[in-house]
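Please work from the sequences and hints to get the whole structure.
Protein chains in written order, with my numbering: chain X, 266 to 592; chain E, -11 to 293.
If you're looking for bench data, these hints aren't it; they were derived computationally from the structure. Beta carbons are placed, not taken as given, at the ideal position from N, Cα and C, and that holds for glycine. Heads up, a few of these hints could be off.
One-sided excerpt, in silico: chain E residues whose CB lies under 10 Å from chain X [claimed, not checked]:
#  : residue
1  : 103
2  : 104
3  : 105
4  : 106
5  : 110
6  : 129
7  : 133
8  : 134
9  : 135
10 : 137
11 : 139
12 : 142
13 : 162
14 : 282
Given next are the chains, with one letter for each unit.
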Amino acid sequence: MKIAMIGSKALLFLGVLLLWANCGFGQVVTSSMDPTQSILMPSAAGWREKPAAGIGYHEGSGTRDLNNQEIYQFDISGLDGNLAFTVGNAFIEMYGSQSTTNVQLDQFYEGQFNLKFNDARLNIALAGNDFLTIGLGVRSTESTDHIDANYDSETTDAMRAIGSISIKALDMFYFGLGFERVKEENTYAVGLTWNNVISGVAMHLGQPGGTQFKVEYSLAYSESQVNTLSGDLVENNHPQTAISRMSGELMFSGLLFAFKSEEKKIDVDIVENGQTVKEIKMVNNQGGVLWIPENGLSMGFYFLTGTNTASYDDSISSFKVKLAYVF
Amino acid sequence: MKKIYLLLLVTIFSVNVSAQVVTPSLDGAFPVEMASAAGWRFGSTLGGQTSFGKVDGETEKADYHNIDSSFLLAYQPSNIVAEFYWASPGTFYQWETETDTLNETNNGDGRFSLTLRGEKNVTIGIGYRIADQDTTSDTINKSLYEGSFSLRMLDGLYLAAGMQRVTEKFHTGDSRKWNRILTGVSLQVGDPLKNLFRTEVSFQTSPESSVDDPAIKPHRETSRIQAAAELLWGAFLFSYQYRNTTLGAVGTEIDDQIVARHRYGIGLKIGSATLGFYAGGGTRTAGDKVLKTQLYQGTLSLNFI
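This is the structure in structure tokens:
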């Protein structure tokens, strides 16, 4: 995430598809009861109940409005896969996703537009005595964005190293804390490194095989970071960013009802499409139902909605199907 | 012309299909409306149907015509059910209430649903559906994604809910989207090889949805209640279905449209084959204007329980 200065024009570079494609969803403190749902903080892998392999496919559409006029229509589609297994008391999770956006740009308006987003994650957690998990993870993302007529398909790579810890208390409460170091590179701006701090709390009632209820709330925060221009490369600026995530899951009779919400606020001070923008806000919600057996084939679906608000307003909705095998 | 063809699009997906929401019809030739219902099929099914109807308006009439013919295959190798349904482009008459005229359209319908049944008390289904509507002036491509689930309780009581995400793309490049929410309850008792009684009540609703082009009328706010009862009694199948749909007024229209339909049927079971014959009638009303419809339908299905 950054604000890149190209010439005298301030351009936002926000990885919007991260939200459209549901790549931003993920459990932070504990793993989801959905075996196909990825984790964001590696120590959460240590609370995964069963090994599983799952894939998902999503398809959707959206519009971008500027001054109450629709300026873009677009379609999105993508694939993701998640594999979770254990070796001794080590919990290992691998996740990969790809999402693409097809948009007709007859006329370009200011405001970044994501065209493609790839995400790969590897997380390893060690668990001890059903009390503590500690995890290490790496995450690699590649984002291709349309910025303007001159920079119509720019690629940004980011590598994240994550360390986290979580503890269980009173048999039902979980607390987690993590630190993420992000290193970002691209073809037209200087490289940039910044830190994210992630923390969260969760409550899990019930036992595997019976009725279960789980809620989780987490917050991620990063300060702004600037790296000045160098040579032919322009300045890079990561704005102050706060992400709050909330999830609720209810499982009974093998049916899992899952709801997740994510809100991202980015502090900026830019002029875009003739408007002064102080904050960019992105809100994503997803709700779904899945059949999760004790072991065997699992299937389910999610409906997703999202909004992005800057000088423009994006409205996105998509449908995701999930298929998994629980071992 | 453009204005005319965009009046009653909500009916594209449900012109004459007697699809059930919670549990499948005992006549295997009919598809399910929600994918989760396919999980309660008794074995695999191969079926087909054809239907004819006529429309009587106060100023215009359409004599007997083929509404559509369809083919269905539901394959159930284990606790997974895959259902394919395809209906040939048939003829349907849309009603322009302000001028009381009928506009002929040709509608095709294709569906695929995949359902997983868990521990004989839960089903979860995903579905995809496409439909094209050809008129004299344009073509509308319609697609639908669906997710649904159902629960079985007390051996014979079924509850189901689901959501369908509908997208309509117009020749002009415009598109509109909306969500349809479906829910229902069904009671089914008996033995599918002997005597079986099944009844179902379902409700579905979708909001008004429009596009920027003012020449294209919005998708009407729609609500539908549907009730069905079927009795398999030895070699005979008796069927009744009632459907009432309210289509909200749009633009300069004043009155909502009320579409009500009854359908009666009798079937004969010979071995694994079921022959069905159905007759129905209904009315569409908008204020003091009335349109009457009649329907005759024949089915043949092979059930491998």
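Against the structure, the hints:
At its closest, the beta carbon of residue 103 of chain E sits 8 Å from a beta carbon of chain X; the interface hint therefore holds under the 10 Å criterion. Annotation: residue 104 of chain E was flagged as interfacial toward chain X, and the flag holds, the nearest CB pair being 4 Å apart, inside 10 Å. Checking residue 105 of chain E against chain X: minimum C-beta separation of about 9 Å stays under 10 Å; hint holds. Checking residue 106 of chain E against chain X by beta carbon gives a least distance of about 5 Å; that is within 10 Å, so the hint holds.
At about 5 Å, the closest approach between the beta carbon of residue 110 of chain E and any beta carbon in chain X falls short of 10 Å, and the interface hint on this residue holds. Proximity of residue 129 of chain E to chain X is violated relative to the hint, the smallest CB-CB distance being about 13 Å (cut-off 10 Å). Because the closest C-beta pair between residue 133 of chain E and chain X is about 4 Å apart, less than 10 Å, the hint holds. Because the smallest distance between the Cβ of residue 134 of chain E and any Cβ of chain X comes to about 8 Å, under 10 Å, the interface hint for this residue holds.
Of the supplied interface hints, the one on residue 135 of chain E holds, with its beta-carbon coming within about 3 Å of a beta-carbon of chain X, less than 10 Å. This hint holds: residue 137 of chain E has a C-beta 5 Å from the nearest C-beta of chain X, less than the 10 Å allowed. The beta carbon of residue 139 of chain E comes within 7 Å of a beta carbon in chain X, closer than 10 Å, and the hint placing it at the interface holds. For the restraint placing residue 142 of chain E at the interface with chain X, the shortest Cβ-Cβ distance is roughly 13 Å, beyond the 10 Å limit, so the hint is violated.
Hint status for residue 162 of chain E relative to chain X: holds, with the closest Cβ pair at about 8 Å, below 10 Å. Taking 10 Å as the C-beta contact cut-off toward chain X, the hint placing residue 282 of chain E at the interface is violated, the least distance being around 37 Å.
Hint violations for this structure: numbers 6, 12 and 14, all remaining hints satisfied.
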